[in-house]
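Peer 1: The primary structure of each chain is shown beneath.
Protein chains: 2
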Amino acid sequence: MVVKINENYLKLESSYLFVEVARREAEFQKNHPDADIIKMGIGDVTKPLVPKVVEAFKSAVDEMAEADSFKGYGPEQGYDFLANAIIETDFKPYGVSLDTDEIFISDGAKCDTGNIQELFDLNNKVAVTDPVYTVYVDTNVMAGRTGFMNDDGMYDGLVYLKCNAENDFIPELPEEPVDIIYLCYPNNPTGTTLTKEQLKVFVDYARENKSVILFDAAYEKFINEDNVPHSIYEIEGAKEVAIEFRSFSKTAGFTGTRCAYTVVPKELKGYTEDGEEQSLNALWNRRQTTKFNGVSYPVQKAAEAALSKEGQEQIKEVIDYYMENAKVIRESLTDLGLQVYGGVSSPYIWVKTPNNMDSWAFFDLLLNEANVIGTPGSGFGPSGEGYLRLTAFNTLENTKEAMDRISKLDF
Amino acid sequence: MVVKINENYLKLESSYLFVEVARREAEFQKNHPDADIIKMGIGDVTKPLVPKVVEAFKSAVDEMAEADSFKGYGPEQGYDFLANAIIETDFKPYGVSLDTDEIFISDGAKCDTGNIQELFDLNNKVAVTDPVYTVYVDTNVMAGRTGFMNDDGMYDGLVYLKCNAENDFIPELPEEPVDIIYLCYPNNPTGTTLTKEQLKVFVDYARENKSVILFDAAYEKFINEDNVPHSIYEIEGAKEVAIEFRSFSKTAGFTGTRCAYTVVPKELKGYTEDGEEQSLNALWNRRQTTKFNGVSYPVQKAAEAALSKEGQEQIKEVIDYYMENAKVIRESLTDLGLQVYGGVSSPYIWVKTPNNMDSWAFFDLLLNEANVIGTPGSGFGPSGEGYLRLTAFNTLENTKEAMDRISKLDF
Numbered sequence: 001m002v003v004k005i006n007e008n009y010l011k012l013e014s015s016y017l018f019v020e021v022a023r024r025e026a027e028f029q030k031n032h033p034d035a036d037i038i039k040m041g042i043g044d045v046t047k048p049l050v051p052k053v054v055e056a057f058k059s060a061v062d063e064m065a066e067a068d069s070f071k072g073y074g075p076e077q078g079y080d081f082l083a084n085a086i087i088e089t090d091f092k093p094y095g096v097s098l099d100t101d102e103i104f105i106s107d108g109a110k111c112d113t114g115n116i117q118e119l120f121d122l123n124n125k126v127a128v129t130d131p132v133y134t135v136y137v138d139t140n141v142m143a144g145r146t147g148f149m150n151d152d153g154m155y156d157g158l159v160y161l162k163c164n165a166e167n168d169f170i171p172e173l174p175e176e177p178v179d180i181i182y183l184c185y186p187n188n189p190t191g192t193t194l195t196k197e198q199l200k201v202f203v204d205y206a207r208e209n210k211s212v213i214l215f216d217a218a219y220e221k222f223i224n225e226d227n228v229p230h231s232i233y234e235i236e237g238a239k240e241v242a243i244e245f246r247s248f249s250k251t252a253g254f255t256g257t258r259c260a261y262t263v264v265p266k267e268l269k270g271y272t273e274d275g276e277e278q279s280l281n282a283l284w285n286r287r288q289t290t291k292f293n294g295v296s297y298p299v300q301k302a303a304e305a306a307l308s309k310e311g312q313e314q315i316k317e318v319i320d321y322y323m324e325n326a327k328v329i330r331e332s333l334t335d336l337g338l339q340v341y342g343g344v345s346s347p348y349i350w351v352k353t354p355n356n357m358d359s360w361a362f363f364d365l366l367l368n369e370a371n372v373i374g375t376p377g378s379g380f381g382p383s384g385e386g387y388l389r390l391t392a393f394n395t396l397e398n399t400k401e402a403m404d405r406i407s408k409l410d411f
Numbered sequence: 001m002v003v004k005i006n007e008n009y010l011k012l013e014s015s016y017l018f019v020e021v022a023r024r025e026a027e028f029q030k031n032h033p034d035a036d037i038i039k040m041g042i043g044d045v046t047k048p049l050v051p052k053v054v055e056a057f058k059s060a061v062d063e064m065a066e067a068d069s070f071k072g073y074g075p076e077q078g079y080d081f082l083a084n085a086i087i088e089t090d091f092k093p094y095g096v097s098l099d100t101d102e103i104f105i106s107d108g109a110k111c112d113t114g115n116i117q118e119l120f121d122l123n124n125k126v127a128v129t130d131p132v133y134t135v136y137v138d139t140n141v142m143a144g145r146t147g148f149m150n151d152d153g154m155y156d157g158l159v160y161l162k163c164n165a166e167n168d169f170i171p172e173l174p175e176e177p178v179d180i181i182y183l184c185y186p187n188n189p190t191g192t193t194l195t196k197e198q199l200k201v202f203v204d205y206a207r208e209n210k211s212v213i214l215f216d217a218a219y220e221k222f223i224n225e226d227n228v229p230h231s232i233y234e235i236e237g238a239k240e241v242a243i244e245f246r247s248f249s250k251t252a253g254f255t256g257t258r259c260a261y262t263v264v265p266k267e268l269k270g271y272t273e274d275g276e277e278q279s280l281n282a283l284w285n286r287r288q289t290t291k292f293n294g295v296s297y298p299v300q301k302a303a304e305a306a307l308s309k310e311g312q313e314q315i316k317e318v319i320d321y322y323m324e325n326a327k328v329i330r331e332s333l334t335d336l337g338l339q340v341y342g343g344v345s346s347p348y349i350w351v352k353t354p355n356n357m358d359s360w361a362f363f364d365l366l367l368n369e370a371n372v373i374g375t376p377g378s379g380f381g382p383s384g385e386g387y388l389r390l391t392a393f394n395t396l397e398n399t400k401e402a403m404d405r406i407s408k409l410d411f
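Chains as they are written, first to last, in full-length UniProt numbering: chain A, 1 to 411; chain B, 1 to 411.
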């Protein structure tokens, strides 16, 4: 006997994307020490926490400083005050009613979207969109739900739903039956959205096939279009088939503060091999109570403040600022004759490379000639080849300067 | 095709322990509304965060309020400032040198001790002490490393290392070869410790058998005995075979603030089926970067402050306070002729029930006759039967009052 590792980890293709981006940036900066590089690659916020959040955050730390108001272990599922604020602010206005015990507060949607697959048998068939937020794929590889990556850049055993300009970034239903479907809308990385009708196609499919949709709505607060659902539960019957992930990261600037939540409706069922129904709410509750100890109390109070009327107003100003950047990027690149997608209800702009350049060639062109950093679309999956992602999280000044530089390029 | 659940979850015996404790307490309180119940059951701290921690926590929130000092995504492994403070304060004084990239900051030792098993193949043989912190057991059940629970209260496929008064709470080496051994010292729930020589027996076994020791040192700051190691890495060769878990929860009062860390030395190896060596540090890094997004920045600054000289002095006062309670409990119960264990280098006191009462009978006696709440030892595993755990986290006044009431009982 010797201790044996989980060899599924060895199937992972090392994610060189952001490492390689950083390497090329560093090399360029070294060779051009005076170049003023504008970073529009990483999807991280830049604006500080809003005043209402800061005030509540500090006030909660003060509570921790006095014996009478000190908080030790909280509920693993999160405090009711936050779950209830979430229900009131994030769902009720859209006609969605949820119970407190259907909300599970966590420290990040990355954790939740990564951990959720633990609830499911290894033999379920999993579908992802292509391109995709790689966490969905990698966590299934690590669990053993796939084989190795094929030459086409796809893992054996996973179903990839192609999204590109040809289908207007609307994934088609899988041709073979699948049990679990990951959807992220507004989409990372393409910035595109689905209308209610388009999302309903997936909900109906899942109801018919007893599949589960893992719906990542981390960018919900960026939605600016009327017919784009804020929650999958706006679609009839979705509570029977969908888990929804939300985050304070991009919406309230919490990428460094850490708070998110997952909705697991009590109507939602999985099945045993024998066909017996099982509550996924109960299973996730068991998972979280066993392997998680709740989110920091002051962080939960800060998140609650973000959901208050004043907090929402302050946050909207920040999001409007980012969305002004997105508009500048969209319009500038469109004026240059480039095809651009996203950026209307999302901080991401997905740019078709000119002249069928590959993603890395366009990345290098922007870096070398405009000193602007994007993210090559091919890093998000084979269907991302020929695209590049730009983000709206820089300053308006830098964003305008970047567009100005790009406008002087000769494609 | 229908979506199938992970049926290993159905093997879990619902953990009724603390639920049942709460139920009996509530029923008693209802029938005796005037009774002043003293809680010595749950292992949660009660003292507020110390001033040095509060100051740093709030100051870091202030940083988050300004664009120039705002922090977005931090490293998934935690900030170097905290990892380096950990190495300097928690390890260097004990002659243990570690590299920054051997420290992984997290939001809790429960998460880390629960998640660590993902790195290992399902066919590894796992040993736990009995009684045990149930997270080690439950997370292996959920992953599929066991069968169902047998009538003796043990899961099929797990190896239980008995710890009771007969062997002075020193587990013997497993009779059959095992690949993974969970050890928690100072121990939860028994409050007992291992000397360097006793721990060395396990390190030597692991080196000889190429096993891995998962060493939970969450109660390290409570150690008051000279020959009790603070870190398993004080034992020669332990870096080749051990992962160590630490937490700010009990030591710095962070149960509601959430910060912990895990040490995975680079010398530590696992093996593929083909016998190829694999770095567990690299695997854990991959796990954490894929499924975790780092700890809240203000929380990491608060933890760093806890490790400062002033922070450590303030924390020591709090721990000394709890340990005074432990001393009161130990001495009072010993004076009454009860056998007590732990409470010297641990906030837990493990009481042998008088007259071979079972754990729940003694629990009921203390609740009904002294209005004192403990935790029945049988809830921590079959070898916990006939014991009860008391914790030192109440106030000194309440602790003394509880002992006074118990002294008036007629066993």
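Keep in mind that the hints are not guaranteed to be accurate.
Here are the simulated BS3-like pairs of lysine-lysine, each with C-alpha atoms no more than 30 Å apart in a straight line [as the list claims (entries may be wrong)]:
(1) A:Lys4 to B:Lys30
(2) B:Lys352 to A:Lys125
(3) B:Lys309 to B:Lys352
(4) B:Lys4 to A:Lys266
(5) A:Lys269 to B:Lys11
(6) A:Lys196 to B:Lys352
(7) A:Lys11 to B:Lys4
(8) A:Lys4 to B:Lys327
(9) B:Lys269 to B:Lys316
(10) B:Lys162 to B:Lys352
(11) A:Lys162 to B:Lys266
(12) A:Lys210 to B:Lys162
(13) A:Lys47 to A:Lys30
(14) A:Lys39 to A:Lys400
(15) B:Lys266 to B:Lys47
Hints are computed from structural coordinates only; laboratory data are not their basis.
Peer 1: The structure should be examined with respect to each hint, and the outcome stated for every one.
Peer 2: Each hint, compared with the structure:
no.	hint	in the structure
1	A:Lys4 to B:Lys30	violated, 53 Å
2	B:Lys352 to A:Lys125	violated, 52 Å
3	B:Lys309 to B:Lys352	violated, 39 Å
4	B:Lys4 to A:Lys266	holds, 17 Å
5	A:Lys269 to B:Lys11	holds, 18 Å
6	A:Lys196 to B:Lys352	violated, 63 Å
7	A:Lys11 to B:Lys4	holds, 24 Å
8	A:Lys4 to B:Lys327	violated, 44 Å
9	B:Lys269 to B:Lys316	violated, 36 Å
10	B:Lys162 to B:Lys352	holds, 15 Å
11	A:Lys162 to B:Lys266	violated, 40 Å
12	A:Lys210 to B:Lys162	violated, 45 Å
13	A:Lys47 to A:Lys30	holds, 28 Å
14	A:Lys39 to A:Lys400	holds, 12 Å
15	B:Lys266 to B:Lys47	violated, 37 Å
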